[in-house]
Amino acid sequence: MIEPIVGRYAHIDNHRIYYEEAGAGIPLLCLHTAGSDGRQWRAVLNDAEILKHYRVVAFDMPWHGKSSPPKGWQGQDYRLTTESYTTMIMTVAKALELERPVVMGCSIGGRIVLNLALKHARELRALIGLQSAAYVERYYDASWLDHAEVHGGRACGGLAYGLMSPLSPEEHKWETVWHYMQGGPGVFSGDLHFYQVEGDIRARIGAIDTKVCPLYMLTGEYDYSASPRDTELAAAKIPGAKVTIMKGLGHFPMSEHPEAFLGYLRPVLDEIRSR
Amino acid sequence: MIEHLPEVVNGDPAIVRWGREMHETFMLEIGDTQYLVTVRAGRIEKVEKGPFVMRAWSFAIRAKRECWEHFFRSPPSPGWHDLFALLRRGEMKFEGNQRVLMAYLLYIKLALQALRR
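Residue numbers (the numbering used here), protein chains in the order written: chain A, 1 to 275; chain B, 1 to 117.
The following block holds chain A by itself, in its conformation from the complex:
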């Protein structure tokens, strides 16, 4: 069996970026979680029903997956910020000629869609935040994820493991852990700088206008990082945001339990398409 997914490299803003795509129609740009890569979207990129109407694109952020770190990476700490993340997404969308795309992101991706809603609503058809919260306080010391005396792959994998639902299929949970175990040193913690320190968007989300760009927020009930309560707190400040709590799913719905997640995603994509 050969999957419909095609992978390519693009040179965008001095970065060598790897992206995968499948399908034709409305562009759907997918953003992976902190410290992982685009493989998390494998089920969406393989879903025949979605591919009939959507051009699904998933890119690995610089430093992640098969995308390169920038030249000179060995002399610097990687740190994601609201500004750099937002610019990266809009630049990739433009370079790949995605016209008024739907953007769907999970975790850090679920956070940044809130900023996209504030800054780029008119350029986007709709936004889907998975495990979307306006802020998550630092409740553990993330510096251990990048420490010479702790195996980074094992520690990142151990952290990601617990964020998933005990009810998700073992095969997909361990695939998700594997992605985390393959991350470069300091990349997961560099993303968490945005998630847990710099990217607090609580004070601004009240200005999101969902009439300009619809916002869907889907959260797995077993997530304790961006918990259902965190999503509901954020949504309460955003008139028109549509919240769905996904039963039995955790922090990586598209990757830890693809089949259950697709059951929640397809109706959302149908609704976006019919608008």
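These are calculated hints, taken from the structure and not from any lab test.
Be aware that a few hints might be false.
Stated by the list, open to error - Restraint ranges, calculated between C-beta atoms of paired labels, are given here:
#1 A/E259 <-> B/R117: 23 to 31 angstroms
#2 B/E3 <-> A/H120: 52 to 60 angstroms
#3 B/K46 <-> A/E149: 41 to 49 angstroms
#4 B/P13 <-> A/P267: 52 to 60 angstroms
#5 B/K49 <-> A/A203: 49 to 57 angstroms
Built from N, CA and C at the ideal position, the CB exists for glycine as well.
Since the structure of chain A is already known, use the hints to place chain B on it.
Chain B only, in chain A's frame:
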């Protein structure tokens, strides 16, 4: 329940392999009851029940009895299913050598959740 750790862990090579380099004693505190768990090369060598006098351990995981009862339920409820979930809700404390805890985090999670079976 903690007394069953050796049988559920040592009989499962898929858990033991994640602790292969671990030679440590750590404390589990279940309400007022303390246990010292000694790991040798990923196998649980012994589980001792306190009270203890002047015993050393590398790290301790402490929570109320009701919290552990939620954690050990099969399946556990959302928000009670992982050590870090309990940490975030303020129900659990990690003390002592955090480096060892983080180095063997996956092993410790797999070992403890094996008690759910």
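Right, here's what the structure says about each hint:
no. : hint                                  : result
1   : A/E259 <-> B/R117: 23 to 31 angstroms : holds (25 angstroms)
2   : B/E3 <-> A/H120: 52 to 60 angstroms   : holds (57 angstroms)
3   : B/K46 <-> A/E149: 41 to 49 angstroms  : violated (26 angstroms)
4   : B/P13 <-> A/P267: 52 to 60 angstroms  : violated (43 angstroms)
5   : B/K49 <-> A/A203: 49 to 57 angstroms  : holds (50 angstroms)
Checked against the numbered hints above, the structure violates hints 3 and 4; every other hint is satisfied.
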